[in-house]
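Residue numbers (the numbering used here), protein chains in the order written: chain A, 1 to 95; chain B, 1 to 665; chain C, 1 to 312; chain D, 1 to 201.
There's no promise every hint is true.
EDC-like, lysine to aspartate or glutamate: derived pairs with alpha carbons at most 16 angstroms apart [said to hold, decoys possible]:
{"hint": "1", "chain 1": "D", "residue 1": "Lys61", "chain 2": "D", "residue 2": "Glu122"}
{"hint": "2", "chain 1": "C", "residue 1": "Lys114", "chain 2": "C", "residue 2": "Asp46"}
{"hint": "3", "chain 1": "B", "residue 1": "Lys385", "chain 2": "C", "residue 2": "Asp46"}
{"hint": "4", "chain 1": "B", "residue 1": "Lys580", "chain 2": "C", "residue 2": "Asp86"}
{"hint": "5", "chain 1": "B", "residue 1": "Lys385", "chain 2": "C", "residue 2": "Glu75"}
{"hint": "6", "chain 1": "C", "residue 1": "Lys251", "chain 2": "C", "residue 2": "Glu218"}
{"hint": "7", "chain 1": "B", "residue 1": "Lys387", "chain 2": "C", "residue 2": "Asp81"}
{"hint": "8", "chain 1": "B", "residue 1": "Lys235", "chain 2": "B", "residue 2": "Glu570"}
{"hint": "9", "chain 1": "B", "residue 1": "Lys225", "chain 2": "D", "residue 2": "Glu16"}
{"hint": "10", "chain 1": "B", "residue 1": "Lys578", "chain 2": "C", "residue 2": "Asp86"}
{"hint": "11", "chain 1": "B", "residue 1": "Lys383", "chain 2": "C", "residue 2": "Asp86"}
{"hint": "12", "chain 1": "B", "residue 1": "Lys591", "chain 2": "B", "residue 2": "Glu652"}
{"hint": "13", "chain 1": "B", "residue 1": "Lys318", "chain 2": "C", "residue 2": "Asp274"}
{"hint": "14", "chain 1": "B", "residue 1": "Lys387", "chain 2": "C", "residue 2": "Glu75"}
{"hint": "15", "chain 1": "B", "residue 1": "Lys383", "chain 2": "C", "residue 2": "Glu75"}
{"hint": "16", "chain 1": "B", "residue 1": "Lys385", "chain 2": "C", "residue 2": "Asp234"}
{"hint": "17", "chain 1": "B", "residue 1": "Lys587", "chain 2": "B", "residue 2": "Glu657"}
{"hint": "18", "chain 1": "C", "residue 1": "Lys167", "chain 2": "C", "residue 2": "Asp203"}
{"hint": "19", "chain 1": "B", "residue 1": "Lys383", "chain 2": "C", "residue 2": "Asp81"}
{"hint": "20", "chain 1": "C", "residue 1": "Lys167", "chain 2": "C", "residue 2": "Glu127"}
{"hint": "21", "chain 1": "C", "residue 1": "Lys248", "chain 2": "C", "residue 2": "Asp274"}
{"hint": "22", "chain 1": "D", "residue 1": "Lys172", "chain 2": "B", "residue 2": "Asp641"}
{"hint": "23", "chain 1": "B", "residue 1": "Lys644", "chain 2": "D", "residue 2": "Glu122"}
{"hint": "24", "chain 1": "B", "residue 1": "Lys318", "chain 2": "C", "residue 2": "Glu75"}
{"hint": "25", "chain 1": "B", "residue 1": "Lys103", "chain 2": "B", "residue 2": "Glu499"}
{"hint": "26", "chain 1": "C", "residue 1": "Lys167", "chain 2": "C", "residue 2": "Glu121"}
{"hint": "27", "chain 1": "B", "residue 1": "Lys387", "chain 2": "B", "residue 2": "Glu461"}
{"hint": "28", "chain 1": "C", "residue 1": "Lys251", "chain 2": "C", "residue 2": "Asp274"}
{"hint": "29", "chain 1": "B", "residue 1": "Lys225", "chain 2": "A", "residue 2": "Asp66"}
{"hint": "30", "chain 1": "B", "residue 1": "Lys581", "chain 2": "B", "residue 2": "Glu569"}
{"hint": "31", "chain 1": "C", "residue 1": "Lys259", "chain 2": "B", "residue 2": "Glu191"}
{"hint": "32", "chain 1": "B", "residue 1": "Lys103", "chain 2": "C", "residue 2": "Asp81"}
{"hint": "33", "chain 1": "B", "residue 1": "Lys462", "chain 2": "B", "residue 2": "Glu536"}
{"hint": "34", "chain 1": "B", "residue 1": "Lys318", "chain 2": "C", "residue 2": "Asp86"}
{"hint": "35", "chain 1": "D", "residue 1": "Lys172", "chain 2": "B", "residue 2": "Asp643"}
No lab work stands behind these hints: they were computed from the structure.
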Amino acid sequence: MEHGHTKYPIGHIIGFLLSLAMTILAAIVALRSGLPKPAIMSIIGVLAFMQAGMQLFMFMHIKESDNSAVQIGNIIYSIIIALTIVLGSIWVMHN
Amino acid sequence: MIWTCPIINTKGWEENRLKLDEFFVTGEPIIYVTEAGIALAMIGILFYLTYFKKWKWLWNNWLTTVDHKKIGVMYILVAVLMLFRGGVDALMMRAQLTAPNLKLLDANHYDGIFTTHGTIMILFMAMPFLMGLINIAVPLQIGARDVAYPMLNAFSFWTFAAGCALFNISFIIGGSPTAGWTSYFPLAGTEFSPGVGNNYYAVALQIAGIGTLITGINFLVTILKMRTKGMTMMKMPMFVWSVLIMCIIIIFAFPVLTVALALMTFDRLAGTHFFTMAGGGMPMLWSNLFWIWGHPEVYIVLLPSLGIYSEIISTFAKKRLFGYKSMVFSMLAIALFSYFTWVHHFFTMGNTAAVNSFFSISTMLIAIPTGVKLFNWIFTIHKGKVKLTSAMLWSLAFIPNFLIGGVTGVMLAMAAADYQYHNSYFLIAHFHYTLIPGVAFACFAGLHYWYPKMFGHMLNEKLGKITFWFWMVGFNVCFLPQFVLGLKGMTRRMYTYQEGLGWDNLNMVSTVGGVLMGIGFLVLVWNIAYSIRHGERDVTGDPWDGRTLEWATPTPIPPYNFAVAPVAEEIDAYWNMKQKKTPLYKKVDVKPIHMPNNTGMPFVAAVGFGLGGFGLVFSWWWLAIVGLIIVLGCLAWRSFDPDKGHHIPVKEILETEEAARGEVV
Amino acid sequence: MLKIKKLPWKRLSLVLLSALFLLSGCDTSNIAVLNPQGPVAQKQYDLIVYSFWLMMIILVVVMGLFIFMVFKYREKRQAADYVPPDHHGNKWLEIIWTAIPIVIIIAVAIPTVKANYALEEVPKGYEDEKPLVINVTSADWKWIFSYPDENIETVNYVNIPAGRPVKFQLTSAGTMASFWVPELGGQKYTMPNHSMELILLADKPGSYQGRNANFNGEGFAHMDFEVLSQTQADFEKWVKEVKGSAPKLTKKDYNKILKTGLVGRMTYTGTHLDWVETPHQHNVMNKKEANTKEHDMEGMNMDDMDMSDHQH
Amino acid sequence: MSDHLDTSLPLEYQSEQSRLNIFGFWIFLGAEIALFATLFATYFVLSGMTAGGPSQLDLFKEKDVMIETILLLVSSFTCGLAIFSMRNHNKNAMLAWFIITLLLGAGFIYFELHEFIDYVHEGATMQTSAFLSGFFVLLGTHGAHVTLGILWGILLIIQVVRNGLNPVTSRKFFIISLYWHFLDVVWIFIFTFVYLGGLIQ
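Chain A with its partners taken away, still in its complex shape (with noise of 0.2 angstroms):
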């Protein structure tokens, strides 16, 4: 892991103008756009996602520690967790 960052956050400010013009962006298309509603649903679902592995990555330095197998490997099934939590409860309970 590096020690002591150069004097200037690059990554950073980086990552926070992509997180804003990603937030925009979906506000856009899900405002102005027009588009059809699955379409937009899955364009904002797919940036939030993007944002969210960008937040994990550039800001909560996931990758640093040594565990960090075990930490990206522990997101990554509470994902899939979560999805089976959200998707199983909504196929379920709506037929």
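Mind docking chains B, C and D on chain A? Use the hints.
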């Protein structure tokens, strides 16, 4: 003028507030007798503590301990008490059902009893008993000094204890919940369960759940990060593997319970519409959320038990566990599948054939890894040298009984057939055939197996065998007839039935079985009391010629467990050391050991949880807020003085080692 | 040889008990679930018996292997200095006892899925028959049966014509109950604000015991009902009798019935369906006629329609 | 646990207890993901159940939601800068950025409460319908987490002012930064699936 908070209007809370005369439950002779019994016991304990000036000893050694071994003993003590209460509940139910139209218990009392029986047996007996055995054995088996977060370990126990106490006072103060341990809506809503009973269910389980989640995280980190040198993942004892996988399931299942119970609390106390009939609520959503946690929960209690069986069968067959890798992968497969099968608990709730078919198949798939494990145990016994101690008897009896549970499980997994089995006594027999041999037998086996490490003396083997046979026969006599009763149309949770339906003599036989199990429990209690004085002392620290590292420690186990962390080269590390006669450690390697300090914070936080929970149950908001402040205060206080711990000097270590082992080279 | 004193108590008790289990299983006449009286119950009965014997094979194989191992390798039967071999595992054995269970699971899964789908439709051989529709409403501790075509209503008993499929539209006016007539077929839940369809059929006339299988409070144990199947002629005669003699159902009567408590048998002309909306079909929505029903139901009743048109 | 410090690592990873705590917190975040997933599942299942009350379209206002989202995004950025300064052992810069982060968080809470009070005045409380129950509990749980984070942050600021920047206080700040970024991720999903999803028509 009632203060109406802008976000949550308090209309719902007003009707819910109880008048004080409904505070104490009245009108049941059995409850008066129990109240008197408990009062006497409490007075007896208080008298003993004050008379023998034991308060200081209690505070220093037990209420503020962070030692995983003492916490384990406390967990098991609570579990045995709960086994007693859950068992008495079961016997009362069996008594009421012995013959048609009996009037021992009325409907409401019977409903309260089966609800507390179910909840206590799974959440307040099985979980703590296993957590107790895990706390005692796991750190020792991986050659560690303690768990990753000793203070959080104590915090988990005391939070669990607060939830357990809160749930148990419900039948005296306010009335116990009467909607079953699954507490389905709309029955569990304020419209059909107006009393505070179900508030107890929602709040007590929430508090106990917090403790379990923290234990899950604690032991996951302990197992992953604190194994001794040389013990790679594939060289860990099988029990440690089962606990690791249990932690993974806990971490992802208990948050679902936390949310479900929180939504139930909001529905009952704040008038929201999650599961209500009015306002667009969906009662089926509760069943869905409950079982998303519920099914992984039964694997949370099953997996450590399978780990205990692996240890005991391997030790008493004097043979290495057969198929170590396939045992690990089958447990991983069970853990993964356990998240995709929850709908088999409500096939009959009008799901489409596609949903029912998917979950039928996913439920059947779990039988495959379970089958693999059964064959691996059988082949561990193959060419072994089977020593029939009590612990081994319990573990061996697990295989045939759990097999009946397993095959009936596959029969129940067929959605079309489940329309006939659902909620019948066939289902009752099935889940008792999986839970009692699957979990209760493992608790008894583990108790016998690790008893010398806990208390320095062994349980009497003859009495142990008597207990075992009472349970083995009683269990089958009680639950085999229930398969037939289920097919005859008898449903669960019926407080009585008419004659002429052909259910009479099978219920009679079932009650006889229940009584036999009750007698078995009494013999176990007598065994524990008897062995305190007459139990065979454990001098060597390794009474069963064990294979894993916990047997490398002297008895009584010093607070630091290992003077020098042992090096594990092979699976069954201690067995390997004994074969090669490698010395445990050299005197020169002994260094001062850093140990955490005792802390009173977890106990105080538990008092806060108890008060706050009690306030929530009775909608006394000021008490709930006081409780919350105590808990948050404790956390903040802890954050400000991270305990520096203390060091045990080398001289003191050598003294204890020499006292236990004779000279140290 | 086994000394008498050392009789294997465990094995003896188990043999005795399984005998008890099997013995009582033979005369299945008074075992409701194993005494099907209609094609639906028959299909479930076939599935149960098929899976029972398949599982019995597994039980016998594994039990036999287990008993053999425990008895052959007991400490007493071996030399004192016998040291067990250091087996680690056996790849072929692992493959065998993974493959065979997979085959068995497939053998169980295929009939299950077939049966799951079959139970949704009217039993084979009766497709052309016009099914009799009966609305079943469960309330706290009673069953209310409404016959929309015959315009009569009964409480705690239901008469059906034999040999004709009956579509029970299950709903609840309070807690969740479960409508179960073991001899005629499996159960389904009754849920508030939902309506579910359960198709049953009685082959020949007879009286069958029905019961609520899902706990819903104090009176749960008494919440049973009788299903009387009659010949088509008797059934029509019974309907005419009821039309002649039974009192007209008023809203006041209906609300009195709904009040929590136990009531005996009652019979009325007219049904409560005139003033109580039948909630939307639970999962029938995505059947073929979904969209036609969609429009006219749109403004009519309060609670929610099919989720698909609502964004989430 | 041997308490020797591995000085080759950044301050917050140096003691073994710190490494364990940070690793344990990541596992806890896994559990939090499961918790919020269940709340989202409840909201999605009940989102159509307005029971005659106001629906998403009647309530949500684009302007308010964008302000709240920007506030939380910027606070996530300043929190990153605080950790960056901490890694450079610049205590004052870290404290400054961290206080800004908490202030932005407080601003977010202010706007969110303001939004809730508007809904209540329009007659949309959590007792009105299942949709609103689901909405208030999902948003409320996130809001409660943010509030708890702010209180926790204040405690940590006091500790750093008293004990200075050492392996113990730096690990605590690193953990609260993980917590803060995680809450921002949860808000991204709320913003996307609850608000944008609700406003699409």
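For each hint, the structure was consulted:
A distance of roughly 13 angstroms separates the Cα atoms of Lys61/D and Glu122/D; the hinted pair therefore holds under the 16 angstroms criterion. Using a Cα cut-off of 16 angstroms, the hinted pair Lys114/C and Asp46/C holds, with the two alpha carbons roughly 13 angstroms apart. Our distance criterion of 16 angstroms between C-alpha atoms is broken by Lys385/B and Asp46/C, whose separation comes to about 45 angstroms. As the CA atoms of Lys580/B and Asp86/C are separated by approximately 15 angstroms, the hinted pair is consistent with the 16 angstroms bound.
With a C-alpha separation of about 5 angstroms, the suggested pairing of Lys385/B with Glu75/C holds against the 16 angstroms cut-off. The suggested pairing of Lys251/C with Glu218/C is violated, with an alpha-carbon distance near 26 angstroms, which exceeds 16 angstroms. A C-alpha spacing of about 14 angstroms is found between Lys387/B and Asp81/C, which places the hinted pair at or below 16 angstroms, so the restraint holds. Of the supplied pair hints, the one linking Lys235/B and Glu570/B holds, its CA atoms being roughly 6 angstroms apart against a limit of 16 angstroms.
Between Lys225/B and Glu16/D, the direct Cα distance comes to roughly 10 angstroms. Compliance with the 16 angstroms bound is thereby established for this hinted pair. With a CA separation close to 15 angstroms, the supplied pair Lys578/B and Asp86/C stays within the 16 angstroms bound. Pair hint Lys383/B plus Asp86/C holds up; C-alpha atoms about 10 angstroms apart against a cutoff of 16 angstroms. Using a Cα cut-off of 16 angstroms, the hinted pair Lys591/B and Glu652/B holds, with the two alpha carbons roughly 11 angstroms apart.
Annotation: proposed proximity of Lys318/B to Asp274/C is violated, straight-line Cα distance about 76 angstroms (limit 16 angstroms). Between Lys387/B and Glu75/C the alpha-carbon distance is near 6 angstroms, which keeps this suggested pair within the 16 angstroms criterion. Annotation: proposed proximity of Lys383/B to Glu75/C holds, straight-line Cα distance about 10 angstroms (limit 16 angstroms). Proximity of Lys385/B to Asp234/C is assessed by CA-CA distance (about 73 angstroms); at most 16 angstroms being required, the pair is judged violated.
For the hint linking Lys587/B to Glu657/B, the alpha-carbon distance of about 10 angstroms falls within 16 angstroms, and the restraint holds. Between Lys167/C and Asp203/C, the direct Cα distance comes to roughly 15 angstroms. Compliance with the 16 angstroms bound is thereby established for this hinted pair. Proposed proximity of Lys383/B and Asp81/C is supported: the alpha carbons are some 14 angstroms apart, at most 16 angstroms. Taking the CA atoms of Lys167/C and Glu127/C, the gap is near 12 angstroms; set against the 16 angstroms cutoff, the hint holds.
Distance check on the hinted pair: Lys248/C and Asp274/C sit about 13 angstroms apart at the alpha-carbon level, within 16 angstroms; holds. Distance hint between Lys172/D and Asp641/B is fulfilled; the C-alpha atoms sit about 13 angstroms from each other, no more than 16 angstroms. Our distance criterion of 16 angstroms between C-alpha atoms is broken by Lys644/B and Glu122/D, whose separation comes to about 54 angstroms. Distance restraint check for Lys318/B and Glu75/C: the Cα-Cα separation of roughly 10 angstroms lies within the 16 angstroms cut-off, and the hinted pair is therefore satisfied.
Taking the CA atoms of Lys103/B and Glu499/B, the gap is about 14 angstroms. The hint holds against a cut of 16 angstroms. Straight-line distance between C-alpha atoms of Lys167/C and Glu121/C comes to about 10 angstroms, which keeps the hinted pair within the 16 angstroms bound. Distance restraint check for Lys387/B and Glu461/B: the Cα-Cα separation of roughly 12 angstroms lies within the 16 angstroms cut-off, and the hinted pair is therefore satisfied. Between the alpha carbons of Lys251/C and Asp274/C the distance comes to roughly 10 angstroms, so the proposed pair stays at or under 16 angstroms and holds.
A hinted pair counts as satisfied when its Cα atoms are at most 16 angstroms apart, and Lys225/B with Asp66/A qualifies at roughly 11 angstroms. This hinted pair checks out: Lys581/B and Glu569/B have alpha carbons roughly 13 angstroms apart, not beyond 16 angstroms. The suggested pairing of Lys259/C with Glu191/B holds, with an alpha-carbon distance near 13 angstroms, which does not exceed 16 angstroms. Only pairs whose Cα atoms come within 16 angstroms are accepted, and Lys103/B paired with Asp81/C is rejected, the gap being roughly 62 angstroms.
Annotation: proposed proximity of Lys462/B to Glu536/B holds, straight-line Cα distance about 12 angstroms (limit 16 angstroms). Of the pairs offered as hints, the one joining Lys318/B and Asp86/C holds, with about 10 angstroms between alpha carbons and a cut-off of 16 angstroms not exceeded. With a C-alpha separation of about 15 angstroms, the suggested pair Lys172/D and Asp643/B falls inside the 16 angstroms cut-off, and the hint holds.
Consistency with the previously given hints fails for numbers 3, 6, 13, 16, 23, 32, ordered from lowest to highest.
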